[in-house]
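*Asks:* In case you want the letters, here they are:
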Amino acid sequence: MPWTRPPNEPSPRGGERPVINFIVRRTMFGLLVLWIISVATFVLFFVAPHDPAKVIAGRLATPQTVALVRHRLGLDQPVLTQYWHFLSGLLHGNLGYSFYSSTSVNSLLASRLPVTVSLAAGAAVIWLISGVLIGVLSASHPRSKVDRGATVFVLAGLSTPTFLLGILLIYICFYRLHLIGINWFPAGGYVPFAQSPYEWFRHLVLPWVTLALVSAAVYSRLTRSSLLDTMAEDYIRTARSKGLTERTVLYRHGLRSSLTPVVTQFGIDVGTLLGGAIVTENVFGLPGLGQLAVQSVTNQDLPVIIGIVLLAAAFIVVANIVVDAVYAVLDPRVRLG
Amino acid sequence: MSVTVLDAALGGGEDETFAGRSTLASAWIRLRRDRVAMISVAVLVALVVIAVAAPLIAQAVGWTPTQQDRTHGLTPDGLPMAPSARHLLGTDNLGRDILVRTVYGARVSLLVGVVATGLATIIGVVVGVLAGYSSGAVDTGLSRLMDVVLSFPFLLFAIALVSIVGPGLSISVVVITFFSWAGIGRVVRGQTLSLREKEFVEAARSTGAGSARIIVVEILPNLISPVLVLATLLVPTAIVFEATLSFLGLGVAPPTPTWGNMISDSLPYYSVDWWFTLVPGVALLLITLAFNLLGDAVRDAVDPAAQRTVTERR
Amino acid sequence: MTSRAITRTAGVCGLLLLLAACGGSSGGTSTGAPPTGTPTNGGTLKLLGSGDVDHLDPASAYYTVSYTLERAFTRQLVSYPASSDLTTATTVAPDLATSLPSTTNGGITNGDKTYTFHLRTDAQWNTTPPRAVTAEDVVRGLQRICNPASPSGGLTYYEDTITGFTQFCDGFAKVNAADPAAMASYMNGHQISGVTTPDRSTVVINLTQPASDFLNILALPFASAAPVEYLKYVPDGATFRQHTLSDGPYAITSYQPGRSIVLNRNPAWTQASDPLRHQHVATIDITQGQGSDQAVQQQLQAGTADLSWDLPVPTAALPALKASNNPNLQIFPSASNNPYLVFNLLSPNNKGALANVKVRQALEYAVDKTAIGKIYGGPSLNTPLDQVIPPGQAGYQQFDLYPTAGHNGDPATCKSMLAAAGYPNGLTLTDVARNSGNHPAVAQSVQADFAGCGVKTKIVSVSQGDYYGKYLNSPSATKAGTWDISEPGWVADWYGNNGRSFIAVLFDGRKYGPNTVNYGDYNSSKVNALIDQAESAPTEAQAAPFWAQADKQIMTDAAFIPFQTQKVPVFHSARVKNAMWSPFAQSYDVTNLWLSPTT
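Protein chains in written order, with our numbering: chain G, 1 to 337; chain D, 1 to 314; chain Z, 1 to 599.
Since the hints were made in silico from the structure, they are not lab data. Be aware that one or more of the hints could be misleading.
[Claimed, not checked] Cβ-to-Cβ under 7 Å is the rule here; a few derived chain G residues that face chain D:
{"hint": "1", "residue": "I20"}
{"hint": "2", "residue": "I23"}
{"hint": "3", "residue": "T27"}
{"hint": "4", "residue": "F29"}
{"hint": "5", "residue": "L44"}
{"hint": "6", "residue": "G157"}
{"hint": "7", "residue": "S159"}
{"hint": "8", "residue": "V218"}
{"hint": "9", "residue": "R221"}
{"hint": "10", "residue": "I268"}
{"hint": "11", "residue": "V317"}
What you are looking at is a predicted structure, and each value in this text was computed from that prediction instead of being measured. Quick reminder that beta carbons are idealized off the backbone N, C-alpha and C, glycines included.
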């Protein structure tokens, strides 16, 4: 029967080089996703009536002035023509120029990316480690005081909106500590790693904690739940009956395959975060992609909006490709899709 | 492992005989014995009752949710008033009673939280299972669809949608659902991929079971765990999402109160008027805890073997 | 959020609180009170804020924050001194000109239609080597106002006054905006017929008719002198923004859009050449992207930053600061009409009720202006206003055609008047309100007020972009009645003799169109005639009575409901000294303050 086959045999599809095939196919589909997103962004931008030309022209601008500005921005052309210009520029690696500052979108994105990557990477490490650890702790003593306490803690973090948490942290750690002479925490801003690793770190601690506190809940609870499930499986019972310690059983056998949902969630979260943590960057004054996204949407600065959206989409596509690859590593029964 | 097989083998609760009890009935009995679960249920019921009885409460207290107390609702400088006999939980930035607004806010927030979560979970599970169980074109198509949704520019979409249709409850629910289902879908797909290769699924296939039966009988029940976690986490996330929408000026239209827009309205005052932020914040925390602890308990009740195995070792 | 149009950051502009009407004198040349204490030179002034300038090119920069920048790196024929005395701070004084032209010194001739300016010879550009600022630079500055790449929003002020300006601009509009060479050749090959330069240090400007506020118009930074090097770049383009030159005490040394601007001392500037500015601090460092006004305030109080760039003092922080008499907090009187309620006179809703003056007069009684004031910080900062012109501006005369006790509104009177006007069952109005800042609170306050009068208000919450583009500035939407009322605000572009930037802009119905600020299309031939007379009056004293009459007529017609005029609270860090209020920047003058040595 075609649908019965030994579970561990690699798929005949893809022949001798399933990995290369996988990467090529997923890249092609990834490009398709990016194209769809670019169309969607254009549609969203133009479907609501608005006029960035008028804002740029100034509050008492004459109709002639506004028309001049509109012409410079190319907004007096039909939408399809504008999209075509954008697409042909994109194929040459040029994302266009900001309506406002006329700066090239490429350079804007390049200057903001390190900030967002710094924020995302640090926060991701913290929430992953702390989330999983807390989840393991909860799972090894389920329904105990430790479990309940940890649950309440992470859920408190989850149910606090990011903007509130960030503002409170600045108020307590920066302002109130400053009043009693402890000046270690800054109120925000970013220092490039190349300029001073120590300052880079110092300025990112509070934003990292803010992001991590909100996200750790998801990871700890997914880990806890998944681990509880896995620990009851037959092969775990086998490992126990072989006389292995609980710890070995937990970490070597249990954790591995229970991590799939955590990995998926992590991929989504990191991918999304790399597109810019809008609220956190705003509250802490970090000049990253998220802050640029808010500025450009408020200003109706289409070239910058599209640039950020595409970059963010690319991150998500790549993250999902990586996640799917990791499945195959974590769970040998899953084959590369 | 399959719930049906295991349940039959292990017989439900510790001091129940397995003969004659359905899975659901056993689960319910286990749930009833869980104190934390019962407290959570009580809290949720209380919140729903309060939300439904909002007009009565408003009448008892003496303020409507949009009534601005022009004489004693604000300090001379225009700041909210602290809790007092006149306003039991203080006032907000326009001199409106916070107790009444929180109670009315429960309606919208509960509605947004539960409805958006329900919709997102259903869509996410359906798409995720289909993608994970099928292979080839269906999986690719659905997975790419999820990629597109995950990459969708949230801010732009929310602003554009609100610009066309105007802010409001249904739009908020639509936006929140739209941006939440794909995350669940990806996790469910991943789980389904693993489950598909497990022995009991092979066993079911070899007995000639069709795909639909396999999905419903073997796979779905084993998805309950992660889905329940994600769904119970999504309820407060959805409510906070609405708060973020309000923070960006896009949520439910004023003057309707929601916990979300109360929190965001309170932001300029947190350093001097802490109750304004605390009251809706605590309400949100309560509902989060209630849903999540209840979710834990439901999971444990439906799938007791896990709990038993681990506690056995102690 | 970041978007900061003038009417929003505005909140206020400082001006005099004098009870005497018709403030402002023409031709005052005082350069301000002597600074208090001994200046310390050096140090880096740190400013924190949220948004960027709208344009870096002075020809088109219009945001309030741009003024702070322009004060440091540009000069005009005439400008304003820094002064703790607000009359002085808003009275035009010579900058590049050696003296203010007047009828007495022969600077203003030809029936008040010709202005002659003699330029200082010691003002310099920071080119290598430094080069003097000449009459050509001044004329070039005027020409660049209507360049096709980044034309100025204030163009009407010049087109309405200077002879030949409109023709010059009509031709300039046809030039290719992407080609600096084409724009340069147009500017070199065409003249504004009303502007001539008999020699390198004289500029003569001819007007189409007398204008008592012409010096105020020339003081606007749009007409800043521009060096010949600017012809190489597309105005306000990315390259231009990296190559600005300065004739002021500071020069822009670094500009990262949306992130930061840094200015350093301009070595080509000398104190002897500049009666209005100083060069105390060594560096001015502006960091943008702060989302929270409270975080900025906390940093100012902690001393890790010095001034706010574009964010106001958070209302919640004010009571504590005032109670403790914090010396770093100052509150300045202002000249704003912010917010106010505009009626859509074209709305067909309620059978065209809003076109009926009796309906509008009824609604004038409904609003509790004290409650609106509380949204903005209470009565110590906000004074109820019952007319168009705020105190201290030309034509101000105190009157209240619709008085209510304590400015708390009078719903009973409103209701009975509405009934008498033919609406005993009230109305249903659509209020379009911006969804950020204090705007939602204001809309809800108005909603509660109108409810007491039997008028049901539906609030439509919109983003800043949609607010103007989709509703207020859209004649089709206005005629269709998608909105009935709204609560915008207005701050004039200058102070004192500013009717041209106040009543004329807000209530001249002849200019109604997609760019008007007369959102509701109020159009009264009486008021239009009064505006014409005021604008062509030769002196402020002669213009003021016409503005006053226009004000009365507009209020009799109940064209809008004024709410209040505001005072601005401003805060600086402890080390900032000699902080003088610049009403145009709505902040402290960065070219006159200094920093005390650390701690």
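*Asks:* With a cut-off of 7 Å, does the beta carbon of G:S159 approach a beta carbon of chain D closely enough for the hint to hold?
*Replies:* Holds, about 4 Å.
*Asks:* Identify whether the interface hint at G:I23 stands, where standing means a beta carbon of chain D within less than 7 Å of its own.
*Replies:* 14 Å, violated
*Asks:* Next item in the hint list is G:L44. Is there a CB on chain D closer than 7 Å to its CB?
*Replies:* Holds - the Cβ of G:L44 comes within 7 Å of chain D, reaching about 4 Å at its closest.
*Asks:* Against chain D, run the beta carbon of G:V218 and see if the smallest gap drops under 7 Å.
*Replies:* Nearest chain D Cβ about 6 Å off; hint holds.
*Asks:* Does the CB of G:G157 sit less than 7 Å away from some CB of chain D?
*Replies:* 10 Å, violated
*Asks:* Does the closest beta carbon of chain D sit nearer than 7 Å to the beta carbon of G:T27?
*Replies:* 12 Å, violated
*Asks:* For the hint on G:V317, just tell me whether its beta-carbon gets within less than 7 Å of chain D.
*Replies:* 6 Å, holds
*Asks:* May I ask you to test the interface hint for G:I268 with respect to chain D, counting a Cβ-Cβ separation under 7 Å as satisfied?
*Replies:* Holds. Min distance 5 Å.
*Asks:* Please verify that hint: G:I20, Cβ, nearest Cβ of chain D, below 7 Å or not.
*Replies:* Violated - the Cβ of G:I20 stays beyond 7 Å from chain D, reaching only about 17 Å at its closest.
*Asks:* Verify the interface restraint on G:F29: the C-beta must sit less than 7 Å from at least one C-beta of chain D.
*Replies:* Interface hint status for G:F29: holds (5 Å vs cutoff 7 Å).
*Asks:* Under the criterion of a CB-CB separation shorter than 7 Å, is G:R221 in contact with chain D as hinted?
*Replies:* With Cβ-Cβ at 5 Å, under 7 Å, it holds.
Figure legend: structure checked against the earlier numbered hints; hints not met, in rising order: 1, 2, 3 and 6.
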